[in-house]
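Line by line, the protein sequences give chains A and B. The numbering used here puts the first residue of the first sequence at 1, with every later residue one more than the last. The numbering used here puts the first residue of the second sequence at 1, with every later residue one more than the last.
Worth flagging that the hints you see were computed from the coordinates, not collected in a lab. Treat the hints with care, since some could be wrong.
Claimed, not checked - Simulated restraints, written as ranges between beta carbons of each label pair:
no.	chain 1	residue 1	chain 2	residue 2	range
1	A	S24	B	A52	21 to 27 angstroms
2	A	L360	B	E67	54 to 60 angstroms
3	B	I21	A	G386	27 to 33 angstroms
4	A	R138	B	T12	44 to 50 angstroms
5	A	R363	B	G17	37 to 43 angstroms
6	A	N480	B	E79	38 to 44 angstroms
7	B	E79	A	G447	20 to 26 angstroms
8	B	G17	A	H275	57 to 63 angstroms
Claimed, not checked - Here are some of the chain A residues that sit facing chain B, going by a computed Cβ distance under 7 angstroms:
no.	residue
9	S344
10	Q346
11	L360
12	T395
13	R403
14	G404
15	S407
By construction, the Cβ of each residue, glycine as well, lies at the ideal position given by its N, Cα and C atoms.
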Amino acid sequence: MNFPVIKAVSYALAHTPDLVPYGSKPERELRKTPALCGRLAAHLRTFDQACAYPPHQVFIGRTPPEALWDRETPWWRHQDAMAERWGPYGEIMPEAEFYGLLRFSDEFDLVWLEPAFLATVRQRLRAHPLFRTEDLDRLGDGHALDRIRSKITDEGALPLRHRDRLVGCVRRGHDEDSFLTANILLENVACKATGMLAIRWLFEHHREEGIRPEIIDYVINAGEEAVGDRYQRGAGNLAKAMAERSGCVNSTGGDVKAFCCGPIHSLIIAAGLVHSGIFEHVLVVGGGALAKLGMKFRGHLKHDMPILEDVLASFAILVGPPDDRNPRIRLDAIGKHDVRYSGSAQSIARALIANPLDALGRRVTDIDRYAVELHNPEITEPAGSGNVPRHNYRTIASLGVMRGEWSRHAIAEFERWHGLPGFSPTQGHVASAVPYLGHARDAMRRGDLRTAMFIGKGSLFLGKMTHLSDGMSFILEAPNS
Amino acid sequence: MDLEDQGAIKATVEELGSDDIVVILGSPDPDAAEMYAETVTLGDPTYAGPLAGVSLRLPVYNIFEPEIKEQIPPEVYQEQVAMMEMVLPAEEICARVRAVREKAGVSS
């Protein structure tokens with residue numbers, strides 16, 4: 001079957017503890033209760049702690065997700081002794097370099113860094129495999145600290161701190177536009193920077209296979225940011241901005257907005273564009289969500305554990321024409337939650353899982369692995385949000401029971417047989433099934449995995465325009481299976 | 001229970017009175033179900049929302065409880081709810097909501 005394939009996948013994390021106070025929840029809580037500042041700061045992780053955190057090592061591909069099943073918990077206390085910053089899918093970038101990346105991503109002189117700090121950053125980025133001399137030229141010379149202070153005090157700029165020191169600021173984009181404030185621009189530049197980092201890793205790791213920026217025809221950004229000004233809030237096309245700074249000179253692009261389900265919508269659209277012959281290579285990218293930093297920090301403080309939502313996460317996925325080396329997307333069995341379906345979990349499971357299985361005449365157990373919203377439970381459980389993947393696997397198992405394909409007494413065991421442990425940062429769209437795509441592609445290329453289903457869901461009702469939920473799914477199959 | 005839902009329930013009772021109102025929960029875990037049930041009977045136990053210190057004493061049930069389940073056409077229940085009854089710890093959820101009703105001395 002000539003279906004489009006997943007040609008390459010990459011992921012990146014940026015450890016940004018000093019940006020946690022700018023996450024939506026901490027920002028609101030700290031404004032109400034400034035005394036929380038000290039407690040929050042005391043519970044932030046160092047880079048080494050964040051790097052050696054076992055789920056992060058899984059995210060960048062150094063260890064398989066299944067290895068987490070048997071790791072001692074809590075993971076934050078039992079770190080990975082073999083951890084490294086660089087992984088086969090990307091990296092975990094430290095904060096100082098990330099500030100440099102922000103500056104690099106900035107086209108409008110929004111990000112100001114202090115000269116001495118900038119010199120250190122420049123030196124570190126010089127040693128980074130993804131940055132060339134001309135990239136470093138974009139960093140400029142920096143701005144004196146007193147000018148940075150006056151921008152913060154008098155002109156609504158947002159301070160950038162690093163290890164208790166003021167090192168720069170993000171300026172607002174307009175005096176009166178409430179959609180170009182420094183906070184919103186930081187959110188958008190951070191999304192652009194992390195997305196670009198993932199794209200650059202994708203090219204770096206697959207150059208020998210002929211995957212170069214010039215072959216990309218179209219870029220789809222699946223993120224949850226909203227780029228725009230007062231007249232076109234959320235108008236977007238961050239995709240093209242990311243493509244520009246990633247060397248994709250022969251591409252244009254656009255954004256697909258579908259809450260957390262954006263990446264699955266995007267991959268299916270990308271596969272459709274490739275399958276139809278409109279484009280040969282379509283890149284799907286998702287940048288990090290600054291708003292979600294520290295989202296559950298209250299729960300983490302309550303349990304006296306580190307604030308685990310201190311990383312921005314991103315991914316890039318290349319969809320290309322059929323070949324016999326890469327796993328293919330079964331376009332004849334796409335799952336979708338139609339408007340006519342109810343929002344009950346049962347109805348969603350039927351639309352996203354049962355319908356595509358039926359289209360291929362398969363049983364629930366014919367799928368080797370289901371990738372659902374892969375939120376790390378260690379982040380969500382202390383805040384009372386439960387183990388999201390586990391709940392989803394119980395739902396799929398119950399669907400199997402109703403179809404007579406799984407035993408009612410073995411619902412709890414389904415997770416180990418056909419599921420995955422949650423290992424993704426709670427970065428909304430990033431956590432939505434796609435963190436497994438790199439691992440699944442590798443396992444399929446090795447011949448260790450035959451089929452996987454990727455299921456994304458979106459809470460559209462949060463935007464107050466409809467009460468509907470949403471979801472889409474696709475089946476990935478090993479080459480030659 | 002989020003502040004918006006608390007506000008909506010409070011406003012409904014203020015407008016229509018509490019005689020003909022029953023609260024039906026679909027909470028996925030026992031702790032949340034118990035807290036929601038307490039909120040609409042004895043008042044918001046977290047003292048964060050509009051129902052803090054407001055004892056509405058509304059009859060409250062989880063959708064899995066027989067009193068509610070029996071009133072739903074079986075085919076609709078099978079279509080919309082049955083699978084989640086299998087997924088969730090339904091017995092414990094029902095027991096916790098029932099206990100709150102008994103403590104508050106309310107039933108429909």
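So, going through the hints one by one against the coordinates:
1. At roughly 24 angstroms, the beta-carbon separation of A:S24 and B:A52 lies within the given 21 to 27 angstroms, and the hint holds.
2. A beta carbon spacing of about 42 angstroms between A:L360 and B:E67 contradicts the range 54 to 60 angstroms that was offered as a hint.
3. Remark: the range hint 27 to 33 angstroms for B:I21 to A:G386 is upheld by a beta-carbon distance near 29 angstroms.
4. The supplied range of 44 to 50 angstroms is broken by A:R138 and B:T12, whose beta-carbon atoms lie about 57 angstroms from each other.
5. At about 52 angstroms, the beta-carbon gap between A:R363 and B:G17 misses the expected band of 37 to 43 angstroms.
6. Evaluation of the 38 to 44 angstroms hint for A:N480 and B:E79 yields a pass: the beta carbon distance comes to about 40 angstroms.
7. For the hinted restraint 20 to 26 angstroms between B:E79 and A:G447, the CB-CB distance of approximately 41 angstroms leaves it violated.
8. Between B:G17 and A:H275 the beta carbons are some 60 angstroms apart, a value that agrees with the proposed interval 57 to 63 angstroms.
9. Checking A:S344 against chain B by beta carbon gives a least distance of about 5 angstroms; that is within 7 angstroms, so the hint holds.
10. The beta carbon of A:Q346 is positioned within 7 angstroms of a beta carbon in chain B (closest approach about 4 angstroms), and the interface hint is therefore held.
11. Hint on A:L360 is violated. Least Cβ distance to chain B is approximately 22 angstroms, over the 7 angstroms limit.
12. At about 5 angstroms, the closest approach between the beta carbon of A:T395 and any beta carbon in chain B falls short of 7 angstroms, and the interface hint on this residue holds.
13. Annotation: A:R403 was flagged as interfacial toward chain B, and the flag is violated, the nearest CB pair being 10 angstroms apart, outside 7 angstroms.
14. The closest approach between the C-beta of A:G404 and any C-beta of chain B is roughly 13 angstroms, which is over the 7 angstroms cut-off, so the hint fails.
15. Annotation: A:S407 was flagged as interfacial toward chain B, and the flag is violated, the nearest CB pair being 12 angstroms apart, outside 7 angstroms.
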